[in-house]
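Asker: What follows is each chain in one-letter form.
Protein chains: 2
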Amino acid sequence: MELKKQGNLIVICGPSAVGKGTICKEFLKTNKDIKLSVSATTRKPREGEINGVNYYFLDKEDFLNKIENDEFLEYATVYDNCYGTPKGPVLENLKQGYDVLLEIDIQGAMQVKEKYPKGVFVFILPPTLKELENRIRNRGTESKEDMEKRLGCAQDEILQVEKYDYFIVNDDLVEATKKLNAIILAEQNSVKKYKKNIIDKFSKEEF
Amino acid sequence: MELKKQGNLIVICGPSAVGKGTICKEFLKTNKDIKLSVSATTRKPREGEINGVNYYFLDKEDFLNKIENDEFLEYATVYDNCYGTPKGPVLENLKQGYDVLLEIDIQGAMQVKEKYPKGVFVFILPPTLKELENRIRNRGTESKEDMEKRLGCAQDEILQVEKYDYFIVNDDLVEATKKLNAIILAEQNSVKKYKKNIIDKFSKEEF
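Chains as they are written, first to last, in numbering that gives the first Met the number 0: chain A, 0 to 206; chain B, 0 to 206.
With the rest of the complex left out, here is chain A (with noise of 0.2 Å):
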């Protein structure tokens, strides 16, 4: 039986540092029929970047007009650079029947919420804070001060759990990934989501 659904956005989210972007990236390695959202940006493409693949890349201008035309799902100003991302990429593949993957941070996923609750929200959490310790510290040197900062908000963050539809423990990439995936194909068999396609399709049926 096919029932024609709409895809769903799934947001991925967590602290920085958690490994989202290694879930999202292995995910994706088995999983070619979901859509990757690609980002717009003011900065300029580095050597090897390609519009429309690592980024769209934008004027300022551009930019501008686009928030005022509200054709962002999310957006968000870091050092003098502005980023965003597009809403109608996003809806034509769910439109399509393609799921999504979007990943983010904790300000843009709450902005996406507001425009798309029916969107799909994944938080990642570390195993422990100190855990999330070393792996901040394994990506550089941050001064004690910093990382009493950057853990505290981590903590400030987690505690936001309830705004999210589901948590993966990152303590495995493996394990993490099924976990994904999981969601991911139990959303595709939501009552709620999809009782309207059912009930259609089965009280038409003759017998």
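Please keep in mind that the hints were generated in silico from the structure rather than gathered at the bench. C-beta: ideal position from N, C-alpha, C; glycine also.
The calculated lysine to any residue pairs, modelled on SDA-like cross-linking and capped at a C-alpha distance of 20 Å, are:
hint	chain 1	residue 1	chain 2	residue 2
1	B	Lys200	A	Gln154
2	B	Lys192	A	Val190
3	A	Lys162	B	Gln187
4	A	Lys177	B	Tyr193
5	B	Lys192	A	Pro126
6	A	Lys200	B	Glu161
7	B	Lys129	A	Phe201
8	A	Lys200	B	Asp164
9	A	Lys203	B	Pro126
10	B	Lys203	A	Val168
11	A	Lys28	A	Asn92
12	A	Lys194	B	Leu158
13	B	Lys191	A	Val168
14	B	Lys177	A	Glu174
15	B	Lys162	A	Leu2
16	A	Lys194	B	Ile105
17	A	Lys203	B	Val168
18	A	Lys177	B	Lys31
19	A	Lys194	B	Asp155
20	B	Lys203	A	Cys152
21	B	Lys94	B	Gln187
22	B	Lys4	A	Glu161
23	B	Lys4	A	Thr127
24	A	Lys203	B	Glu147
25	B	Lys4	B	Ser202
26	A	Lys200	B	Asp170
27	B	Lys117	B	Glu161
28	A	Lys191	B	Lys112
29	A	Lys148	B	Ser202
30	A	Lys112	A	Glu70
31	A	Lys203	B	Gln154
To give an idea of the interface, some chain A residues facing chain B are shown, with a C-beta separation under 8 Å as derived from the structure:
hint	residue
32	Glu132
33	Phe166
34	Glu204
With chain A's structure known, arrange chain B on it following the hints.
Answerer: Frame of chain A; chain B shown alone:
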């Protein structure tokens, strides 16, 4: 990280002959840590049936006492025999953190939903009513009238799908079992269910 968790009660339901028993059997082959709920009955044990494994065999007085004491998640009388799902073993397994699988007809499922709304209710759908008709026919001959009655009944049941959390179209046993696995794993990672545990753990952690 070990989040201390309560197990989930997974209720598998669907029209007669849709194949829910086959899915459960296939599922349990590779999920040894999931407990299958054992029914109680007043009918006599058949050869080879073991008390506590195939059924809890009770005499009628015991059964009626247990109804009186609200010790069933659901019960029904079929041709003079009583059948029911004893609450005690299910709740004990859930408390110990085990997921419990309960395969049941639609009347039973709705009784369980009233007594244990936290359960995860999964409805198994046939690919089409035509295909359900074939499956019923393969189980034995039925008169044209009986068949129409059964299919009409199945259609009514399917149109009540919104009372369930998930649906699984049983067009392929491997795929259907995979979906059941995904639903159970996703539910183990539901924020709604486990947010208290997450917040408890991370609010106490020092860094």
